[in-house]
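J.: Each chain, letter by letter, is given below.
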Amino acid sequence: MSELSVNHLLGIKYISEADIHLIFETADHFKEVINRPIKKVPSLRDITIANLFFENSTRTRLSFELAEKRLSADVINFSAASSSVKKGETLIDTVNNILSMKVDMVVMRHPNPGAGVFLSKHINASIVNAGDGAHEHPTQALLDCYSIREKLKDVAGKKVVIVGDILHSRVALSNIFALQKLGAEVKVCGPKTLIPKYIENIGVPYEKDLRTALEWCDVANMLRVQNERMDISYFPTTREYTQQYGVNKALLDSLGKEIVVMHPGPINRGVEITSDVADSKQAIILEQVQNGVAIRMAVLYLLASKIQHNEN
Amino acid sequence: MLLNATEVHIALHRLACQLIENHETFEDTVLVGIQPRGIFLAERLKSLLEKDYKIRNIQLGYLDITFFRDDFRRSQKPLEANTTHINFIVENKKVVFIDDVLYTGRSIRAALTAIQSFGRPEEIELLTLIDRRFSRHLPIQPDYRGRQVDAINKEKVKVCWKEQDGEDAVYLISS
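Sequence order for the protein chains is A and B. Every number in the numbering used here is 1 more than the matching position in the first sequence, counting from 1. Every number in the numbering used here is 285 more than the matching position in the second sequence, counting from 1.
Hint data in this document are derived by calculation from the structure and do not stem from the laboratory. Because the structure is a prediction, the values reported are computed rather than measured. We put the CB at the ideal spot given by N, CA and C, even for glycine. Honestly, I wouldn't trust all of these hints.
Facing chain A, a subset of chain B residues (Cβ under 10 Å, in silico) [stated by the list, open to error]: (1) Thr351; (2) Asn367; (3) Thr369; (4) His422.
With these hints in hand, go ahead and build the complete structure from the sequences.
T.: This is how it looks when you write it as C-alpha cells:
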C-alpha cells in the first residue's frame with residue numbers, strides 16, 4: 002500500500018488512518034525538498050490545477066499555490082469576487098467551463114458545506130477541498146496533526162484541546178476527525194453558545210473551564226473568533242471572551258508544565274491569544290504554516306499519481 | 286551467480302583505486318549514492334577509502350530521484366520515495382554518482398536533474414558495480430564499472446549486500 006484510498010480529498014471523514022500516515026510520510030520528503038537551495042521538483046509538470054476560491058483566503062491560497070508551483074504544476078487562479086459568479090453562473094457551469102480548458106485538478110474553497118462533495122459527483126477532475134463553509138478543511142487538519150507529530154514525535158495518545166469558536170469552525174471538525182483517527186484524545190472548550198449541540202455524540206467531551214482544559218492537555222489549538230460568520234451575538238463582549246477564553250503568558254506559566262500552542266491563523270492578537278504567547282517558544286504557529294506547504298505538496302502529489310496518464 | 290563475495294571485494298578495491306587515481310585527496314569531490322540500492326555501495330566505498338587508503342573527510346550524500354522520474358503516472362505501481370540526505374552544496378564540486386546496477390539509464394537521467402537542486406557541479410561521473418550492456422534507453426555510460434554483463438531484458442540482475450541481504454553477491458535471475 003502506498004496509494005491513497007480516495008481520488009479526491011473532500012474531508013478527513015472520507016479518508017483512512019493509513020491514508021493520513023501515507024500523506025505524512027510523503028510530506029516528510031517534501032519538507033526536505035522545500036529546504037533545498039532549489040526548492041522545486043518536476044513531478045507534476047504535465048498537470049494543470051485550478052484554484053477556485055469562492056471565499057476569501059490568504060494563507061491557504063498562497064500555500065496551495067506555492068505547493069503547486071514547487072511541484073511544477075501549471076496553475077490558474079480564480080476568485081469569485083471578480084468573476085461571472087456575480088452574474089449568476091451556477092457552480093457546475095463555472096467549473097465545467099474551467100475544466101473544458103483541460104484542467105486536471107481543482108482546489109476549491111466555497112462558503113457552502115458539501116460543495117466539494119457535490120462537485121465530485123458531477124465533474125471529472127480530482128478535487129481538493131480547501132474549506133467548505135463550516136464543514137471541513139482537511140489540509141489544515143492534516144498540517145496541524147503533522148505539526149503535532151513533528152513537535153511531540155507522535156499524535157497517538159496525546160491530549161488535544163480545541164478552544165474557541167467550534168460552531169463556525171471547519172478547522173475544528175476536520176481536526177477532531179483527524180486526531181481521533183490518529184488515536185489522540187480530543188476535548189473542546191469555549192463559550193457554550195459556540196459549541197455545537199451534538200459535539201458529545203462524536204465522542205468529544207466539552208470542558209467549560211479553560212484552566213482545567215489546559216491543565217489536562219498536551220496541545221491547545223486556539224481557534225479564531227470568526228466575527229464574520231456570527232449572525233447573532235454569541236457572547237456579550239470581546240473583552241469578556243478574552244478574559245474567560247483567551248490565553249496569556251501568565252496563564253501558560255502557571256500551568257506547571259509546557260504545552261504546545263497552535264493557531265490556524267489569522268490571529269486576532271489580544272483576543273484568543275496575547276502577542277507574547279503567539280511569539281513564544283511554545284507556539285508553533287509559523288511551523289504550522291511551513292508544514293502546510295509540505296502537506297499540500299504531498300496531497301497533490303498523491304492525488305495526481307492516481308490520475309490516469311493520457312497518451313494524447 | 287555472477288560475482289561471489291571475494292569477487293565483489295576485489296571489484297570494490299579496484300573501483301576505490303580508480304577513484305583515487307582521478308580524485309587523489311577527494312578535497313573537491315563528493316560521493317552521492319542513488320537511493321534506494323546505491324547507498325550500500327556508496328557506504329562500502331567510503332569506508333574502504335577511509336580505512337584501507339587513509340583518505341579523510343570524504344563527503345557522502347544520498348540522493349532520492351523519485352520526484353524526478355519520467356514515469357510518474359505511467360507505471361502501474363505507485364512510486365515510493367526515499368530519504369534524500371545531502372548536507373552540502375555541490376556547487377563547483379566533482380560529483381560521483383554511485384549506483385549498483387546501470388540498466389536503462391533513466392534513473393541516472395533523473396539523478397542528473399535532481400542534483401541540480403543542490404547547485405551546479407563542476408563535473409559529474411558515474412560509478413556502477415554492474416553495467417548491463419546493450420540495454421540503454423539513453424546515451425549514458427559509466428566512468429567506473431565493476432563488471433560488464435550481457436543480460437537479456439527478461440533477466441534481472443540482483444546485487445546483494447551483507448548489511449541488507451546477509452551476503453555479498455551478484456546474481457543473474459531469469460524469470
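J.: None of the hints should be skipped; say for each whether it holds.
T.: Results for each hint:
Hint status for Thr351 of chain B: holds, given a least beta-carbon distance of 8 Å to chain A, under 10 Å. The restraint placing Asn367 of chain B at the interface with chain A holds, with a minimum CB-CB distance near 8 Å, inside the 10 Å limit. For Thr369 of chain B, the shortest C-beta to C-beta distance to chain A is roughly 6 Å, which falls under 10 Å, so the interface hint holds. For His422 of chain B, the interface hint is violated, the least distance from its beta-carbon to any beta-carbon of chain A being 18 Å, above 10 Å.
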